[in-house]
Amino acid sequence: MSQTNTETEQGIPQEIERFNIIFRIQHIVMFTTFLLLSFTGWGLKYADAPGGVSTVWIRVWGGAETAGIIHRVAGVTMLLDFIWHVIYLGYLLATNRMTINLKTTIIPLPKDVFDVIKNFMYFFGLSKEKARFGKYSYAQKFDYWAVFWGMFIIGFSGFALAFPMLVSYIIPQFATGWIWQLLSIMHSDEALLAIVFILFWHFYNEHLKPENFPMNWLWITGRISTEKLKHHHPLEYELLFPEETKKNKKG
Amino acid sequence: MSSKNIMILAAPLLLILLSVQTTFSQESASCLACHSAMKGKLKTSIGAFIELNVNSEKFQNSVHGALACTECHMRFTDNPHTSPGASVSPAVLSLSSKISAKYHIDPVAAAACIKCHPEIYEKVLDSVHGRNITEKHQTDGPLCLDCHGSPHYIVPVKDPDSRVSRGHEVETCGRCHGDKKIIEKYKLQENVMNSFEESFHGRKLLLGHTKVPVCSSCHRAHDVKSKDDASSPVFGKNRLQTCGKCHKGANEKFIPAITHRPPGPIPHYTEKALILLVLGVFAFIVSHVLLEAFSDIRDAIFRKGRED
Numbered sequence: 627m628s629q630t631n632t633e634t635e636q637g638i639p640q641e642i643e644r645f646n647i648i649f650r651i652q653h654i655v656m657f658t659t660f661l662l663l664s665f666t667g668w669g670l671k672y673a674d675a676p677g678g679v680s681t682v683w684i685r686v687w688g689g690a691e692t693a694g695i696i697h698r699v700a701g702v703t704m705l706l707d708f709i710w711h712v713i714y715l716g717y718l719l720a721t722n723r724m725t726i727n728l729k730t731t732i733i734p735l736p737k738d739v740f741d742v743i744k745n746f747m748y749f750f751g752l753s754k755e756k757a758r759f760g761k762y763s764y765a766q767k768f769d770y771w772a773v774f775w776g777m778f779i780i781g782f783s784g785f786a787l788a789f790p791m792l793v794s795y796i797i798p799q800f801a802t803g804w805i806w807q808l809l810s811i812m813h814s815d816e817a818l819l820a821i822v823f824i825l826f827w828h829f830y831n832e833h834l835k836p837e838n839f840p841m842n843w844l845w846i847t848g849r850i851s852t853e854k855l856k857h858h859h860p861l862e863y864e865l866l867f868p869e870e871t872k873k874n875k876k877g
Numbered sequence: 026m027s028s029k030n031i032m033i034l035a036a037p038l039l040l041i042l043l044s045v046q047t048t049f050s051q052e053s054a055s056c057l058a059c060h061s062a063m064k065g066k067l068k069t070s071i072g073a074f075i076e077l078n079v080n081s082e083k084f085q086n087s088v089h090g091a092l093a094c095t096e097c098h099m100r101f102t103d104n105p106h107t108s109p110g111a112s113v114s115p116a117v118l119s120l121s122s123k124i125s126a127k128y129h130i131d132p133v134a135a136a137a138c139i140k141c142h143p144e145i146y147e148k149v150l151d152s153v154h155g156r157n158i159t160e161k162h163q164t165d166g167p168l169c170l171d172c173h174g175s176p177h178y179i180v181p182v183k184d185p186d187s188r189v190s191r192g193h194e195v196e197t198c199g200r201c202h203g204d205k206k207i208i209e210k211y212k213l214q215e216n217v218m219n220s221f222e223e224s225f226h227g228r229k230l231l232l233g234h235t236k237v238p239v240c241s242s243c244h245r246a247h248d249v250k251s252k253d254d255a256s257s258p259v260f261g262k263n264r265l266q267t268c269g270k271c272h273k274g275a276n277e278k279f280i281p282a283i284t285h286r287p288p289g290p291i292p293h294y295t296e297k298a299l300i301l302l303v304l305g306v307f308a309f310i311v312s313h314v315l316l317e318a319f320s321d322i323r324d325a326i327f328r329k330g331r332e333d
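If you're matching them up, the sequences are chains A and B in order. To get my numbering, take the position in the first sequence, counting from 1, and add 626. To get my numbering, take the position in the second sequence, counting from 1, and add 25.
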């Protein structure tokens, strides 16, 4: 971590670490399994697509049986990745390695709603100021919590559909008549939402946006330049380098 | 019109008959000498049609290719067969009268299957399909040929071309169970074909899964029973055993997972709510992404250098 503190002449580092190696690994596992699940699940969701394209597509994944195994293994891996992430967060908080600060937290705050409104006004030319973000913009918070939503809705329904016999023992008697259809509807519809979300939101914000194209390399390096930090996360920048901010304001 | 047809057909028939050395055998070859060359249908006095053509190559490749025609067409011993009248065993004869509502042309031939397939035929007669014909004297309940196709061209079930193969069985059952008229007439469960196609079983079948069940895997084939019949494999607790064939340890909470019933109110309205959520999120992210991109372009062109 020596590079983190490579200081410029002004006394601030050129870049700072944003995500440590564990977060980066969790992200890599998440998107690898996400892609596998999307590719195999799409074929099953649209099995009756015209021209038998889904049959051909599933053959690419080794046929229906193999694609099913890939989907289950990837699903379980993703769930474990998620559980690892939650436990790791708990560990960081319990040992005070991570503290909750309103300017750096990923927890959604009322400010995020105002930021959305402010940005929309800016888009329409009604405001001259863009919203100023802390460590995480509302777009990033949305991205992050979408995974939680997906994990609860798609992850648990997927687990129940993959291991129905195991799960059947904990299903209350009154729910047996409708729970299975509910689970498959939840799994399928929310998976579509997740794919659409990643395709538009995540791909635009982290890949297509001019400042990030072709991708935000942060997922490998874990680092963000202080220049970019100042520009896109001014509140965090001010929190990290109060001296620098004062100097600039004076100058 | 019908007599004219016969006349047109009769002339070349006689020619062929004369040219072929008829050996008075009842082997298929001598029948096929004419019937493989004949084309068209004959209308009988009661308005039924007789398909005259038999594709000899397809017939010989079928499972019944080695049989003589008269094994089934028992009444026809003479050639040409103007007045069928040969004696028929009483078992076949009584069966033929039972199923005559369905087969106007040659009920004896349709009953003749029982000679070689007695157990299966008995099962069919006792099934909900067979009883519809023998007891209710209806014509639409299936017997052998309705599912297996023309008796002349039956191929083994394992053959992908078979009408009752894994790939074609659902389609074959769907000819009646997806037919609105028949569903209404017999008050059959509606939407069974769609609900199967939308189920995990149906989807996997489409994708080429080799083990997923088709109709007969759960409902049985020849001895199919109404779902309300206590002897049906899909009646009440019988499903424990039926589902358990593939899903070891299937219990009472597991078996409702697969049903032909339409989704109840809870899954239905949950789906509607989820669709609203998808559309809402989609509207937000697409408008945000597009507006942000436009504002970036606007800034780059018109507001150069405004920000450091």
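If you are wondering where the hints come from, they were derived from the structure by calculation, not from laboratory data. Be aware that one or more of the hints could be misleading.
[Claimed, not checked] Residues on chain A that point at chain B, a partial pick, calculated with CB under 10 Å: (1) P790; (2) W827; (3) N831.
Glycine residues also receive a C-beta, built at the ideal position from the N, C-alpha and C atoms.
Hint-by-hint comparison with the structure:
Because the beta carbon of P790 (chain A) sits about 6 Å from the nearest beta carbon in chain B, less than 10 Å, this interface hint is met. At about 5 Å, the closest approach between the beta carbon of W827 (chain A) and any beta carbon in chain B falls short of 10 Å, and the interface hint on this residue holds. Taking 10 Å as the C-beta cut-off, the interface hint given for N831 (chain A) holds, the closest approach to chain B being about 8 Å.
Violated hints: none; the structure is consistent with every hint.
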